[in-house]
Structures are given as C-alpha cells and as structure tokens.
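K.L.:
Listed here are the chains, written in short residue letters.
Number of protein chains: 2
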Amino acid sequence: MNFCSQCGEKVRLAVPEGDDRPRYLCDACGTIHYQNPRIVAGTLPVLGDKVLLCRRAIAPRKGYWTLPAGYMENAETTREAGLRETWEEATASVELKELYTLIDLPHINQVYMIFLAELRGDFAPGVESLEVALFDERDIPWDALAFPTIERTLAHFFEDRRTGRFSLHMSTITPEDRERYFGSA
Amino acid sequence: MNFCSQCGEKVRLAVPEGDDRPRYLCDACGTIHYQNPRIVAGTLPVLGDKVLLCRRAIAPRKGYWTLPAGYMENAETTREAGLRETWEEATASVELKELYTLIDLPHINQVYMIFLAELRGDFAPGVESLEVALFDERDIPWDALAFPTIERTLAHFFEDRRTGRFSLHMSTITPEDRERYFGSA
Chain L
1 MNFCSQCGEK VRLAVPEGDD RPRYLCDACG TIHYQNPRIV AGTLPVLGDK
51 VLLCRRAIAP RKGYWTLPAG YMENAETTRE AGLRETWEEA TASVELKELY
101 TLIDLPHINQ VYMIFLAELR GDFAPGVESL EVALFDERDI PWDALAFPTI
151 ERTLAHFFED RRTGRFSLHM STITPEDRER YFGSA
Chain B
1 MNFCSQCGEK VRLAVPEGDD RPRYLCDACG TIHYQNPRIV AGTLPVLGDK
51 VLLCRRAIAP RKGYWTLPAG YMENAETTRE AGLRETWEEA TASVELKELY
101 TLIDLPHINQ VYMIFLAELR GDFAPGVESL EVALFDERDI PWDALAFPTI
151 ERTLAHFFED RRTGRFSLHM STITPEDRER YFGSA
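From first to last, the protein sequence lines are chains L and B. For the first sequence, position 24 matches number 24 in the numbering used here, and the numbering has no gaps at all. For the second sequence, position 97 matches number 97 in the numbering used here, and the numbering has no gaps at all.
The set of hints was computed from the structure by calculation and includes no laboratory data. Quick reminder that beta carbons are idealized off the backbone N, C-alpha and C, glycines included. Check before you lean on any hint, since a few could be wrong.
Stated by the list, open to error - Distance condition first, Cα-Cα at most 25 Å in a straight line; then the derived DMTMM-like pairs of lysine to aspartate or glutamate:
(1) L/Lys62 / B/Glu151
(2) B/Lys62 / L/Glu73
(3) B/Lys50 / B/Glu179
(4) L/Lys97 / B/Asp143
(5) L/Lys50 / L/Glu128
(6) B/Lys62 / L/Asp20
(7) B/Lys10 / L/Glu73
(8) L/Lys97 / B/Glu159
(9) B/Lys62 / B/Glu151
(10) B/Lys97 / L/Glu17
(11) B/Lys97 / L/Glu98
(12) L/Lys62 / B/Glu128
(13) B/Lys97 / L/Asp160
(14) B/Lys10 / L/Asp27
(15) L/Lys10 / B/Glu151
(16) L/Lys97 / B/Glu9
(17) B/Lys10 / L/Glu9
(18) L/Lys62 / B/Glu118
(19) B/Lys10 / B/Glu118
(20) L/Lys10 / B/Glu17
(21) L/Lys62 / L/Asp143
(22) L/Lys10 / B/Asp19
(23) B/Lys62 / L/Glu17
Said to hold, decoys possible - What the simulated footprint calls covered on chain B by chain L, stretch by stretch (three residues with Cβ under 8 Å from a Cβ of chain L suffice, anywhere in the stretch; the number is not a length):
(24) 37–48
(25) 73–80
(26) 101–108
(27) 168–175
Pulled out of the complex, with its shape left as it was, chain L reads as follows (with noise of 0.2 Å):
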C-alpha cells in the first residue's frame, strides 16, 4: 500500500496511538487502513466411496490437484461462499453437511473453511479448473496436490472414515508445511 483509498495522498507505516502494530496511516485525512486476514471457503464433495477433486487452470498451482475453494467474498456467509466456489470451479451442485477443517495460515493471513458435502448429479470444469474427476481413496494423486491444506483435509477425511466420525479438525499450517509446496522463498 502506497497510497490512501480516501484521498489519494501518500501513506507511511507507523504504530498509530493506543495501537501496538503499524498500520498504514494517511495524515492528510486521517485514515488508519487496517489489513485483515481473508477466508477460504471451500467443500470437499463426497460420492459413495470417492471424493470430487479440481485440476488448477490457474496460478498459483496451476495444473495440481485441489478441493473447490476460493476467497469468501463480502454480502455472502461462509456456507454460501463454499457452495459458490463448488459450482464456479466444478460446476457442482452439493448439499452441503457440518464444517469439516478450519486451517489457520498465519504467514499468508488466510483462514481456511472446508465443509463436508453430498455430490448431486454431475460435474465439469468450470473456468479455473483443466479437469474434475472423482477419486478413490488409493488413487488420490498424493504428490500433485495445490496446497497443504487440501492435503491435510483428505488425510483427516479418510482417517475419520475408518471409524465413521466426523468432526471439526482445527489446526494451523506453518511456513515449513508449506516449503514442501511452494519452497522455501
């Protein structure tokens, strides 16, 4: 950030007063333009034994495998941005069930929200995505997966089925989880 959204005059990094970290601080208007962390509202779609995967059309992770997912988007609720993000990436229609994976990613300022869901009827790629495909848990392409966080919700998905439970996992992903998938720059 360089400049204020407000006025258009020059910002500077600073510890507003009564705060304890910088924010971007307009002096000219007086705005402090705080930065928040986004979340990442997805499904991971069930059919009997197998589960709905999306090849990536896009960067980053372009042409590794994911679960439909994307940023929540403002005037929508979490369970409304996962059914979205299942129909723009998969083109699937899903009932969705309990919330599955909540996956702090503090270094990149992302929340991850996954929900177990149903899989009704068919499916197709949607714009971001080469191919979708339905996968049995020996066939999950473990090495050519997009993110850590998609392989940790398989990894609790197919867990928790050999016993039948399914509850909320919560759990952070740290800059070494991700060094395996992106490298360490």
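For this one, chain L is given, so just place chain B on it according to the hints.
P.N.:
For chain B alone, coordinates are given in the frame of chain L:
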C-alpha cells in the same frame, strides 16, 4: 474507496472481465481491489457457574455488555486472536477450549468466531472496557448486551450447560436480527 492504494490514481467500480461482481478497478496500473469479510474472534470465559462480560468503553454500543472479541489481525491464528482480545479487553488469561459459535453477518461482512474458555486468575478492564465482571445466568443483562452475536452465544451456552453437551453452533445473523440492537438505519 476512491483512489488506488498502489498508484494513487482514481478507481472506478465495475465488473472486471471474467468476474461476476463489481470491484474497484484502477485503469492506470491495472490493480483490482478485492474486498473480503473480516473475522471477529473472541472467547466466552467461564469460571465455575459464572461467565465473564466486558462493558464497552468505545463505540459502537458504548456502555453495553459484550464478550471479549475483536478483529483478527494479520499474522495470527484464530485462537491467538481470541486470546489476544481477551487479554486486551479484560486483562484476563484463559485456557482456550473448542470453537463454540461461528456466526455469519453477511450484511456487514463479518464472521464471528467465539471459543469456549476457562478463566484463569484475575481480570481487570482493558482500555476498551469500562468494567469487567462475572455473571450468573440469572444476572445476565440481556437487555444491555452490545450485539446479537453475544446474545446468541450466551443463549447457546446456558442451554447447552443444562445437558452438559457443548458443540459448535453455526448460524447467520440477518439485518432483522440486528434491528433490535441498532435500529433499522
């Protein structure tokens, strides 16, 4: 938003190519300024039969009672945000338990996440609180609560306490739910 925070030129509101909703666009440098919901993280601190509430020293709803909660910051986890807000508003240390309410407020682009917590030791008003106190169920100031999210979280808690089973409650607050607190403006 009036100006581009990257280059300082005027932005305009329009639907980008390939998108389906209006964004603030900068024709000068090409930046698309996405805006996304914010997470409000907090806790429901419990000590024996009592719960801890804070009376707000700041707008909105100054003078009304609330649970310690506030905007999640970049570079922290949801749990860290709940702990930090509890310390800032009530100078209270807590042991975090499970995520208890997750409440969407799509009309104001917020998602509340309140954790159950066990209060440890003392407490005192932080700079954003006029006072902090412990309440039995029969003494909860239901007519002087700050926000509908707080009323709903407390109602779930006292209901669940009768059965001893505490599980995640997900729900949505509508503009109508908020009218009782803020009027219909």
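K.L.:
Determine for every hint whether it applies to the structure shown.
P.N.:
Here is how each hint holds up against the structure:
With a C-alpha separation of about 45 Å, the suggested pairing of L/Lys62 with B/Glu151 is violated against the 25 Å cut-off. Restraint check for B/Lys62 and L/Glu73: not satisfied, since their Cα atoms lie roughly 29 Å apart, outside the 25 Å limit. As the CA atoms of B/Lys50 and B/Glu179 are separated by approximately 29 Å, the hinted pair breaks the 25 Å bound. The hinted pair formed by L/Lys97 and B/Asp143 fails the criterion: a straight-line CA distance of about 34 Å is larger than 25 Å.
Of the pairs offered as hints, the one joining L/Lys50 and L/Glu128 holds, with about 22 Å between alpha carbons and a cut-off of 25 Å not exceeded. Our distance criterion of 25 Å between C-alpha atoms is met by B/Lys62 and L/Asp20, whose separation comes to about 22 Å. Between B/Lys10 and L/Glu73, the direct Cα distance comes to roughly 23 Å. Compliance with the 25 Å bound is thereby established for this hinted pair. A C-alpha spacing of about 23 Å is found between L/Lys97 and B/Glu159, which places the hinted pair at or below 25 Å, so the restraint holds.
Between B/Lys62 and B/Glu151 the alpha-carbon distance is near 16 Å, which keeps this suggested pair within the 25 Å criterion. The suggested pairing of B/Lys97 with L/Glu17 is violated, with an alpha-carbon distance near 33 Å, which exceeds 25 Å. Taken as a hint, the B/Lys97 and L/Glu98 pair is honoured in the structure, with Cα atoms around 19 Å apart against an allowance of 25 Å. Straight-line distance between C-alpha atoms of L/Lys62 and B/Glu128 comes to about 46 Å, which puts the hinted pair past the 25 Å bound.
Of the supplied pair hints, the one linking B/Lys97 and L/Asp160 holds, its CA atoms being roughly 21 Å apart against a limit of 25 Å. Among the hinted pairs, B/Lys10 with L/Asp27 is consistent with the structure: their alpha-carbon atoms are about 19 Å apart, no more than 25 Å. As the CA atoms of L/Lys10 and B/Glu151 are separated by approximately 42 Å, the hinted pair breaks the 25 Å bound. Pair hint L/Lys97 plus B/Glu9 does not hold up; C-alpha atoms about 45 Å apart against a cutoff of 25 Å.
Using a Cα cut-off of 25 Å, the hinted pair B/Lys10 and L/Glu9 holds, with the two alpha carbons roughly 11 Å apart. The suggested pairing of L/Lys62 with B/Glu118 is violated, with an alpha-carbon distance near 44 Å, which exceeds 25 Å. Distance hint between B/Lys10 and B/Glu118 is unfulfilled; the C-alpha atoms sit about 50 Å from each other, more than 25 Å. Between L/Lys10 and B/Glu17 the CA atoms are separated by roughly 29 Å; this puts the pair beyond 25 Å, and the hint is violated.
Among the hinted pairs, L/Lys62 with L/Asp143 is consistent with the structure: their alpha-carbon atoms are about 14 Å apart, no more than 25 Å. Restraint check for L/Lys10 and B/Asp19: the C-alpha separation of about 30 Å exceeds 25 Å, so the hint is violated. Among the hinted pairs, B/Lys62 with L/Glu17 is consistent with the structure: their alpha-carbon atoms are about 20 Å apart, no more than 25 Å. Counting residues of the stretch 37–48 of chain B whose beta carbon lies closer than 8 Å to any beta carbon of chain L gives 3, which meets the minimum of three for the stated coverage.
Against chain L, the stretch 73–80 of chain B contributes 8 residues with a C-beta closer than 8 Å to a partner C-beta. That satisfies the three-residue criterion, and the hint holds. Interface restraint, the stretch 101–108 of chain B with chain L: holds (4 residues with C-beta to C-beta distance below 8 Å; minimum three). Check on the stretch 168–175 of chain B: 3 of its residues sit with their Cβ under 8 Å from a Cβ of chain L, so the three-residue criterion for coverage holds.
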